[in-house]
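Quick note, the sequences are listed as chains A and B, same order.
Going by the numbering used here, the first residue of the first sequence is number 68, and it counts up by one from there.
Going by the numbering used here, the first residue of the second sequence is number 99, and it counts up by one from there.
Since the hints were made in silico from the structure, they are not lab data.
Be aware that one or more of the hints could be misleading.
To be verified - Under 7 Å between C-beta atoms, here's a sample of chain B residues computed to sit facing chain A:
#1 S204
#2 G210
#3 E211
#4 A215
#5 Y221
#6 D243
As the structure is a computational prediction, the values presented were derived from the model and not from experiment.
Built from N, CA and C at the ideal position, the CB exists for glycine as well.
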Amino acid sequence: MNASDLPGTVERDRNFNFGYLDERTKRMIRRAILKAVAIPGYQVPFGSREMPLPYGWGTGGIQVTASVIGPHDVLKVIDQGADDTVNAVNIRRFFQRTTGVATTERTVDATLIQTRHRIPETPLAEGQVIVYQVPQPEPLQKLEPREAETRAMHGLAEYGLMHVKLYEDIARYGHIATTYDYPVMVDGRYLMAPSPIPKFDNPKMHMNPALQLFGAGREKRIYAVPPYTKVESLAFEDHPFEVQRWDKPCEICGSRDSFLDEVITDDAGGRMFVCSDTDYCRVRGARHG
Amino acid sequence: MDSPILRAAGITRTYGARTAVEDVSFELWPGEVLAVVGESGSGKTTLLNCVSARQKPDAGRVEFLTRHEGVVDVHAMSEAARRLLARTDWGYVHQNAADGLRMDVSAGANVGERLMALGARHYGRIRSEASDWLTRVEMDAERIDDSPRTFSGGMRQRLQIARNLVTRPRLVFMDEPTSGLDVSVQAKLLDLLRSLTRKYSLAAVIVTHDLAVARLLAHRLMVMKAGRVVETGLTDQVLDDPQHPYTQLLVSSVLQP
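Start from the sequences, fold in the hints, and give me the full structure.
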């Protein structure tokens, strides 16, 4: 699918520099990205810029995307698994207008994917880059509010505190109740917040052939997981890491192994479970349909 | 026991032009309890912070006898080694329990934190160890899942002690551990502290302004005034026969009910 086929496509606006940011800013961000790739999971500070949308809407991810995007890239933007939700539509239009690159909804066709809250169900391939929007890059922040202290903890790899959080979950709920932004260890060294993706997606980060970049605009941090890097979800020996499971398959495509969203269909208790990844669901539906 | 577990030599700490601690030296032997007494502003807490490596002195050395590596200079150690020491072989009991506890997690998680920091990754074992320690500090093990916010001052202090002792430290620093508690709770806590220091042969440095606490817990006493040690000796000796005028004043100021 090409840019012209998608609804709401806009033309390239030549009044903006390619990718909205000026070249020096992009170089600054690329330097931060290079450092982040060199130290997997380490949060690199960068000079986050004011963007034409509010913090919390993906300013970090957009700046990373704007710095790595090239004229021949094919861009896909996901918001909660869907390509047609507000955040995705607006960010896609933003890059159409400022870069004129081709966009797609197909995971396999994309070279660059910006995402919020999901990793596509279709496995990523070598050469693809996925950019995550991150609201809170520091996994320890809720337990240890002092940043000087959390930095020392990262520096010395003192991560016992993260298990205190998991302990607390089990003591309170009988199981590890953290379901999104589930903390991971990257390459056996750095503790990392995987951004608010469901823990269902955590195993996909492990040894992924694609380059994974994370941008937090308000907190001014960039971090990365290079291709084929070990990403391990934390757990206890007697309470191992588990992902969500559903009793029913997707009601549209019948998939039993994708992440399902509960959709309310009326005000009389009607509901259905459908794939959160719209592209995956559509492709499967077309194949089985 | 041929060498002291902690040796402080010539500790000096100034804040600008003001001197908080001046040239203080002492030795602490394994299993010995040393009380540092003096009025507010006499430099007791600054001294405690300097010897427990929470603060760097301007001059002086602090040496600690480790289990495996012999005597180390705690201020010359790497930060990583110092922090490891501080959560394994040392304990630190704060005056205000809220400073030494994580108030947002349950009692069990508070006690288990040090174990998890040392790599314990088995929930069941961490939990039974935590519950065991709650019993040892005479708390109800039923309250393991309660937040410390729901605890009384005395219970919080007990929890803080359990949290420190879970890794079996050999040296504990205490900053006014019983002040702010009412007298009956204070008495029970003192009783507990005395039996714990005996049972686990803990060496301890206790900072207090309360001479009664010092008499009950400490083997030795160090009296500070304006940043200097004015008198030192066995607790009973100093309290029953004070030599320095300031110590005489302190001893005679204690109210008799």
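Consistency of the hints with the structure:
no.: 1; hint: S204; in the structure: 5 Å, holds
no.: 2; hint: G210; in the structure: 6 Å, holds
no.: 3; hint: E211; in the structure: 5 Å, holds
no.: 4; hint: A215; in the structure: 3 Å, holds
no.: 5; hint: Y221; in the structure: 4 Å, holds
no.: 6; hint: D243; in the structure: 5 Å, holds
In summary, this structure violates none of the numbered hints.
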